[in-house]
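Given the coordinates of chain A, assemble chain B onto it according to the supplied hints.
Residue numbers (my numbering), protein chains in the order written: chain A, 1 to 288; chain B, 1 to 216.
Bear in mind the hints are in silico, worked out from the structure with no lab data behind them. All C-beta atoms, glycine included, are put in the ideal place defined by N, C-alpha and C. There is no bait here: all hints are sound.
Some, not all, of what chain A presents toward chain B, calculated at C-beta under 8 Å:
1. LEU96
2. LYS116
3. ARG120
4. LYS150
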Amino acid sequence: MLHTCNPDTWPVRVKPAYGAQMTEPEAPAPEGAVVPDVGVRDAVEPLVVLDRVNKHFGSLHVLQDIDLTVHRGEVVVVIGPSGSGKSTLCRTINRLETIDGGSITVDGVPLPAEGKALARLRADVGMVFQSFNLFAHKTVLENVTLGPIKAKGVGRREAESHAMELLDRVGVADQAHKMPAQLSGGQQQRVAIARALAMRPKVILFDEPTSALDPEMINEVLDVMVALAKDGMTMVVVTHEMGFARKAAHRVIFMDGGQIVEEADPETFFTAPRSERAKDFLSKILTH
Amino acid sequence: MGFIAENLSTYVDGFLVTLRLTAVSGLLALVWGTVIAAFRVSPLRPLRAFGTVWTETLRNTPLTLVFFGMVFVAPQFGIIPPLGFWTAVICLATYTSAFVAEAVRSGINGVNVGQAEAARAIGLTFGQTLGNVILPQAIRSVIPPLINVLIALTKNTSVAAGFAVVELVATGRRLGVGNAAAGAWVLVGVAIFYLVLTIPLGILAARIERRVAFAR
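Just chain A, with the same shape it has in the complex:
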């Protein structure tokens, strides 16, 4: 299934995979410091830029002065304890959550506030949810074609053939005419990934994509995500899957209390975290 991929059917890659450019290891940063965005990263194009983003839920300051740049082709894993603001961060990028201060730009365009301009931007930013959120009244195939047909004006025939390619790619082509409820969680989530890909997005946001899955279904979804990452898709992934982070991420962001506490490449982060908070967090999740 995954091995039958045809790279031509994937969103057009503008540059080589981001990882290919990260040839030189960075100098170790001083204890407790946040790795600055320097060196080789400047050579690639910023795609999603968050600048001093702030958000409150009532009295809770859920995002505090978040600065984050995601480059084209880069895979960023966001990790942190529950309530740290990582999901909220992910959801602000396509404005499912509004922000109180700061700015977010996608491919150089500031997020529009409302209306058709926002809808157009969202068409370029894919999203995969924890709870799949497939349209319950539509077949698998209709789930994947709805966006291209309605939001992009693609013809039905063309949308369907592209959708079938994508469903084949994620290994659920044989389920195309079933309703979402007839599929397993892992299959539903793979359909959700195909639905996001059908829009040929510039970046895909994953909000804890495997957290609602039974253990034996987690890998079938992660495999699809790893393949996507290898093909150069820009991804922001909120997850606790260390295996995925190690295999596919270029950068790990550790959040706590609404702030980015630490960021590093996966190997450094998991083996030698600098902040006490990250050490404490990792000791709790890596012991089992």
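For chain B alone, coordinates are given in the frame of chain A:
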């Protein structure tokens, strides 16, 4: 029973007026009520405010008062509605739209918020999200309360009897005046013809509910 059979054609004339009142104002109320429900969940504050004022005002006003307002107050603002069928339709549809809006809105709120988020995330506009994703799923839970609204509407058409529309109740009143001896049978006849409308509505509700059911 003999009385009802003897005056069958008179009853049927009144029944047909009640049927037309119900059908036309029901259809208008369904359409306009759905629009009002969409206003109430829209991202635009003025539309939400309009929807709220519309629903709350009409839902909390007696239907008779709506008729009186239309017939006696509107002329003071230069609107002179002709007494009769279409005046009754406007009043009934306006009044019923508030209840339709509330039923549809509760159905919209019953659809998992993740469905709307997923629709927005693939770039659908508010209208496309509502029309392609939310309303088709809301229909299932909205059918039973909507049928209740339509059954209430069927019986509410009797208010038009007080405003020069000769529907079932007005027909019964005329029959009663001319045939005092028939007594209760006049009213039994009226009641039977209402049942002819409302019982099938209940059956229809069960049918549609089964047809639009889908696995979640």
